[in-house]
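*Asks:* Count the sequence shown with our numbering and you get residues 235 to 334, in order.
Do not take every clue at face value.
Said to hold, decoys possible - Simulated DEER-style distance windows between Cβ atoms:
1. Val262 x Ile318: 36 to 42 Å
2. Leu276 x Thr329: 18 to 24 Å
3. Pro295 x Phe330: 22 to 28 Å
The hints are simulated quantities; they were obtained by calculation from the structure and are not laboratory data.
Positions of the beta carbon are idealized from the N, C-alpha and C atoms, including for glycine.
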Amino acid sequence: MSETNKGLSVGRNIKIGFFHLGSGMADVLTTGVWNRIMITDLGISATIVSLLAALRYFLVPIGIWAGRISDRTRVLGTRRLFWIWLGRGLMVLSTFGLGF
235 MSETNKGLSV GRNIKIGFFH LGSGMADVLT TGVWNRIMIT DLGISATIVS LLAALRYFLV
295 PIGIWAGRIS DRTRVLGTRR LFWIWLGRGL MVLSTFGLGF
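Using the sequences and the accompanying hints, generate a full structural model.
*Replies:* Structure representation (structure tokens):
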């Protein structure tokens, strides 16, 4: 076995799989709530709601690109910590735009 395959044990693969299972279950619940509230109660077009639900999947290539940059580039002596805090900061700033 090579060095890279030793870290991919059955237990680790199950742990990664459970993360994706939980993420998918949260997506189902969120999409169901969006459909009920936004389409039925608020009367928003189903096209807009479906585009919001699909936005996560449209942005996946940007996440892969950002992960590659964070793995290769050191900022302030760390590789990933700066990018994690930058993402958190952008999420905090985006909450101010929710009312508009």
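*Asks:* Does 36 to 42 Å hold as the CB distance between Val262 and Ile318, or does it fail?
*Replies:* 27 Å, violated
*Asks:* Taking the Cβ atom of Leu276 and the Cβ atom of Thr329, is their distance within the range 18 to 24 Å?
*Replies:* 20 Å, holds
*Asks:* Has the hinted range 22 to 28 Å been met by the Cβ atoms of Pro295 and Phe330?
*Replies:* 27 Å, holds
In this structure, only the earlier hint numbered 1 is contradicted, and the remaining ones agree with it.
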